[in-house]
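Using the hints provided, position chains D, U and G relative to the given structure of chain V.
There are 4 protein chains.
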Amino acid sequence: MKALVVYSGGLDTTVCIPALREIGFDAISTVTVDVGQPQADIASAARRASLLGADHHLIDAKQEFASEYCSAAIAFNADYFGYPLSTAIARPLIAKKAAQAALSHGPFDAIVHGCTGKGNDQFRIEFGLRLHAPGIPIRALIREKNWTRSEEIAYAEKVGAPIEQSKTKIWSIDENLWGRSIEGGQLEDPNYEPPEEIFQWTKSPQNAPDQPLECTIHFDSGMPVALDDKKMNPLEIITFANRIAGENGIGRIDIMEDRMIGLKVRENYECPGAVLLISAHRALESLVTAAHERRFKAVVDAEWADLVYRGLWGDPLFEDLSAFCASIQKRVTGSVKMKLYKGSLTVLGRTSPNALYSEADASFDDNTFDQSAMTGMVQTHGMASLLYARLKQKK
Amino acid sequence: MKALVVYSGGLDTTVCIPALREIGFDAISTVTVDVGQPQADIASAARRASLLGADHHLIDAKQEFASEYCSAAIAFNADYFGYPLSTAIARPLIAKKAAQAALSHGPFDAIVHGCTGKGNDQFRIEFGLRLHAPGIPIRALIREKNWTRSEEIAYAEKVGAPIEQSKTKIWSIDENLWGRSIEGGQLEDPNYEPPEEIFQWTKSPQNAPDQPLECTIHFDSGMPVALDDKKMNPLEIITFANRIAGENGIGRIDIMEDRMIGLKVRENYECPGAVLLISAHRALESLVTAAHERRFKAVVDAEWADLVYRGLWGDPLFEDLSAFCASIQKRVTGSVKMKLYKGSLTVLGRTSPNALYSEADASFDDNTFDQSAMTGMVQTHGMASLLYARLKQKK
Amino acid sequence: MKALVVYSGGLDTTVCIPALREIGFDAISTVTVDVGQPQADIASAARRASLLGADHHLIDAKQEFASEYCSAAIAFNADYFGYPLSTAIARPLIAKKAAQAALSHGPFDAIVHGCTGKGNDQFRIEFGLRLHAPGIPIRALIREKNWTRSEEIAYAEKVGAPIEQSKTKIWSIDENLWGRSIEGGQLEDPNYEPPEEIFQWTKSPQNAPDQPLECTIHFDSGMPVALDDKKMNPLEIITFANRIAGENGIGRIDIMEDRMIGLKVRENYECPGAVLLISAHRALESLVTAAHERRFKAVVDAEWADLVYRGLWGDPLFEDLSAFCASIQKRVTGSVKMKLYKGSLTVLGRTSPNALYSEADASFDDNTFDQSAMTGMVQTHGMASLLYARLKQKK
Amino acid sequence: MKALVVYSGGLDTTVCIPALREIGFDAISTVTVDVGQPQADIASAARRASLLGADHHLIDAKQEFASEYCSAAIAFNADYFGYPLSTAIARPLIAKKAAQAALSHGPFDAIVHGCTGKGNDQFRIEFGLRLHAPGIPIRALIREKNWTRSEEIAYAEKVGAPIEQSKTKIWSIDENLWGRSIEGGQLEDPNYEPPEEIFQWTKSPQNAPDQPLECTIHFDSGMPVALDDKKMNPLEIITFANRIAGENGIGRIDIMEDRMIGLKVRENYECPGAVLLISAHRALESLVTAAHERRFKAVVDAEWADLVYRGLWGDPLFEDLSAFCASIQKRVTGSVKMKLYKGSLTVLGRTSPNALYSEADASFDDNTFDQSAMTGMVQTHGMASLLYARLKQKK
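Protein chains in written order, with our numbering: chain V, 1 to 395; chain D, 1 to 395; chain U, 1 to 395; chain G, 1 to 395.
Next up, chain V with everything else stripped away, as it sits in the complex (with noise of 0.2 Å):
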């Protein structure tokens, strides 16, 4: 039997091999999606995979990664409750590259993949691994097996599995272009302050530069294309922008999350990219949307940062709220200068062509615009709320 394992290099997945063996699974295959992660987890994932007999593949992804997924983020200012959804739109594609990997190199009898059960990764792998690989059948060896991260570890050195590094890990990190997220050990209470070394992408807000850095990121149809006067492709925007945030300090995100089983959890993300692209994405579409548009746009942004966070990438309201906000994106094209200082990040200005600001209309001293015709306007606001006020002072 033939099995393809979703494979990251780390603890859940790499103990999956030898698992697969015991279960009957004889020939192996691993699968690793380059979406961003540190590339000597790629080569350890290579090296594991091999150590363990199995036919390894590595598909780099990152270029679609950037234009297709973290740029859906840029459109719809992804935020779960101020997390922007860095592992969560990392999955499905993960999932997607890994059942076009089984359906080229298969035949196989199952993809394996190493979620847990608390999780909500094995939501979001399982649904792509279904959607794009409808036939096959899943195995999630850990779900099934119950097995706690000790036990993992247990096993692991009873049958020699090579999970050294795995083993001395405090937290656990999962890694990628558009975010890294940090969890576990005592970080779970919720009151624990975050020691500095759980940081890798940010300096803290006291080590950050002594001078502040300003720039000015360009838009075209929803998209950062240009820093300053750089273009820029999605990829390395976002690796730029990553860069410039985390060295001032900012896109450090501490919350409470609502997993999608009902545990609440406290997480840690470092998102400085992610942070610094959203806020300017947000100050030009505030220029150019109408008020009840963007008070309207919200509902979606918060409908679609739920759908994502459930992993429902590609699904049929996910293609619904996508059309929506491709209506809105055309227009947001235009600039937003930036200042990025020891952890808190300003927006300085905003300008596009379309623009819905008329500054005749908005000053102060023009009178153009008669006031005097606004008093039946006044006069009738909350007309209702009145009667009712009336209506209780009866009583």
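Where hints are given, some of them may not hold.
Since the list gives no way to pick one copy over another, a pair counts as held whenever it fits inside one copy or between any two copies.
[To be verified] 30 Å max Cα-Cα, derived DSS-like pairs, lysine-lysine:
id, residue 1, residue 2
1, K96, K330
2, K2, K394
3, K392, K330
4, K395, K231
5, K203, K337
6, K394, K231
Hints in this document: simulated from the structure, not taken from any laboratory.
Source: prediction; values computed, not measured.
Then chains D, U and G, alone, in the frame of chain V:
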């Protein structure tokens, strides 16, 4: 004929006094409501009223403003597209106090305000006056005369009204305990970078202290009641929060705002205390609310913000939303540890006796929870979405 | 000076013509847009315009109204608190056609409408005129003169304007292909039972045929395209739907409506075709949409209804919502069988090639689905809510 | 070992009893909660429990169901995509009563229910049991054994369990005071026309009386308290409403429903009383609420329906929404006149001492209101939308 002017002492309200005399009001009273604006403004209002022969009344509403209005803004995480509604929440109280003054010191033939016909305050003030002093006619002299700022100055000079300072003012300022707004002049250009001089309450991040300030904010039933170990009443705690947050460069807000009559304008605010206290409140609320409750609270908060922006404080929906909010706030008790540093604000930890957080459930190294039982939930996740994908593929 | 009157031939617009002459307009044109109102009204408008010396234009917009406006109302399940927006969706088209006429037959110094200052139509008509004929001034004579109905009649008699019918009319009627509204007089009292005489399009349930009518409505991409086996274009199908539904006592609507300026009014409508077609559309949509998609579509529908009620047809949010809706409608293909009988309307069955329905999954007598795998989902259901209950019980 | 079975007397719960003995439960109690199901079912449950040697308890919860559960359904205009939540609102009460019985008559080693793993009731019943009897393990035997209906029958025959009627039943029925649901068999096909025989509570429109029935429903604080001049308690009024509405062919519902696990199913309901009382309640609510309040109440109602559909009666958000709703209901006092005739239901009039309706304001023949003052509001309507149109035209 007798008129009561809702009087700030600024240009708009000062020119109303001679203008009222011209249209036949011979007895003019003025009322200034102290909601935390600068003492100099309050003193100047009294002086100008006296110069103009008005019978002046000063009402100190700071305690009521803090404990009933700012506290509601905290409970509802006041946020109108980034703006904590500082001016908006003061207007209903000013109108109520002015209405009460009109009823006590009257009878008056008119209550007079100086709001222009382009802004939001005309709606807020008039609704409050109609609510609390239903019988008394309202006059909006600036709007009725369709005066621009320059025309007001010219008129004041002609009649000799005392507006010295106003004449040279470049920015239009509004200030109360909950924040300070700065608008007008070059700031109207969305791409003009705000000069340092417009800020009075907040140090610039660069000039803020080099050492971070850490503090713990204690909440009882949704209301901050102590800072570190010092118990304070609402007025004290907001005043203190303004001071420490402002000192550390926190609370500058620069946004595009959509006014009630549909105008898009650029607004600058300084709301250091509001930003600090609401951030802490949000962090605590996220610990004690269930996921779907938290999501709907965000919908309610947005509706409240919209209602309050439009000045409908005390209307029927306002009451209904308040009942909803109170049902949650009774649980929002606990402490939040914050770090303030050069414009950046970080939550370091949060704790509550009402936390909906279970360490045993959340931990990845605990197997009281049988992960394998989750299989069905994962398999059925997105069931209809997958049916949809099948249908698309068939075509 | 030349004026173009948006002319229905009724009292409000008829008195505008002599009133315009009085204020200096010497060349008056009239334009009547046929959106399905009674032919007698159209003929009477032409006759009166001629009597009053106006240059009359008639524009037949019925096909466009059916295929672009009514069809949108079907796709969005048009429902503003029970009202299928019959008058509301016609106003933007009337304004557009009048604006186009103004541009072709002008130049005009003003476009004139007869809407009063209490209603919604002033907003709808003027927005449409400003949108499609931006340069031309708008005059709202009835509103400017603050005329009541009695005053209009008195004026018409004085100047000898032809308003015979209008004078004796008890109700104020508006009629187009999508429905008929009846208001005014005693009907304003929310507790007054509408007399049978106000209805023209619908038989009373008691007078409807004793035999039910069954019919199958076929949809293609959200639009009804055939009834039973008869293919029809949008205009034909709506006309036919009005006839059969009206014949069977379907489509009478009696509601409290909240006008744009905050007035609550009682409104009566007859919209037989709209009720029939929207009911069928809803039934089909419920078969082809995923649960969360359907829930959000209801939010979008409500937003669209609100926007259209306010006359903002074609505004930016309108475009965005239309993009969302189109993404769903392309799947709304299939058939719905309906029964019409004495005022009751029943869906008997629905079928679609895009149904997200799986008989195997839904059946209780099929065990391809392993029920026992659901345990975890059930056990974790309401996890945070139960934690909350524990906390409450401890207190 | 002792088990308490939540017992309806139907097939699912009856087979649980012998199955429990097989897995070691020797002392079995049964509890039937009377929420208005047929007396024959209640008697049959007692008889079967006795035949199977169980210690049977019957709890009459009809008054509590009517006054606390159905009344909430009225206040929230219970509507889950057309379904008044009849089964859904009974489950939490059944679970609560069963939990209380377990605590009074125990100790028990398990509470047992017969819900399958495909339906919604497993979520509702188990949440209620965990809420009200937190310490006691729950067994879901049908789900655990993954039994189909045929397998249950085969098992019952093998062990000689009394299921005579169940065997021949074609439809799966659930019934309580608030409504009756019919599903299964051919009805699963969305295009199968429901046969007349499935209906028990409602006459078909064709067989309903030839004379309409008019009645006036009086509400006090959101609750119906009298019909015409007859005061009744909640149980009486709902019972009476079921009778008169059913008699007149009102309350048949045929919809596509999306179950909690994502299955789309076709459901048929008879809810005559619910449809009548909710229609009247809505009509009255529309008279006493402000426009924006009414719009937001619809959002709250939808959220409540969703929560209740998922069985989360009594969870934190449920409490918050109830506080919101109560704030409105205290004004929902007055009368609604309805006409019932052969399946059609018409509101003829509504009146309330709290009506937010002003005849003077609403009338078109009253000029206390100066229409001409509305010009500014109309001119600024859609201001940003028009700017947007200008920008588009320029391109």
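Results of checking the hints against the structure:
Taking CA atoms no more than 30 Å apart as the test, K96 paired with K330 passes in both settings, with 27 Å inside one copy and 25 Å between copies. With identical chains, the CA atoms of K2 and K394 are at most 30 Å apart between copies only, with a shortest distance of 28 Å across copies and 80 Å within one. Taking CA atoms no more than 30 Å apart as the test, K392 paired with K330 passes between copies only; the shortest distance there is 12 Å, against 49 Å inside one copy. For the identical chains of this complex, K395 and K231 are inter-copy neighbours only, at 24 Å across copies versus 68 Å inside a copy, given an alpha-carbon limit of 30 Å.
In the homo-oligomer, the alpha carbons of K203 and K337 lie at most 30 Å apart both inside one protomer (22 Å) and across protomers (21 Å), since each shortest distance falls under that limit. Taking the shortest Cα distances, K394 and K231 sit within 30 Å of each other only across copies (27 Å), while inside one copy they are farther apart (68 Å).
Of the numbered hints stated above, none is contradicted by the structure.
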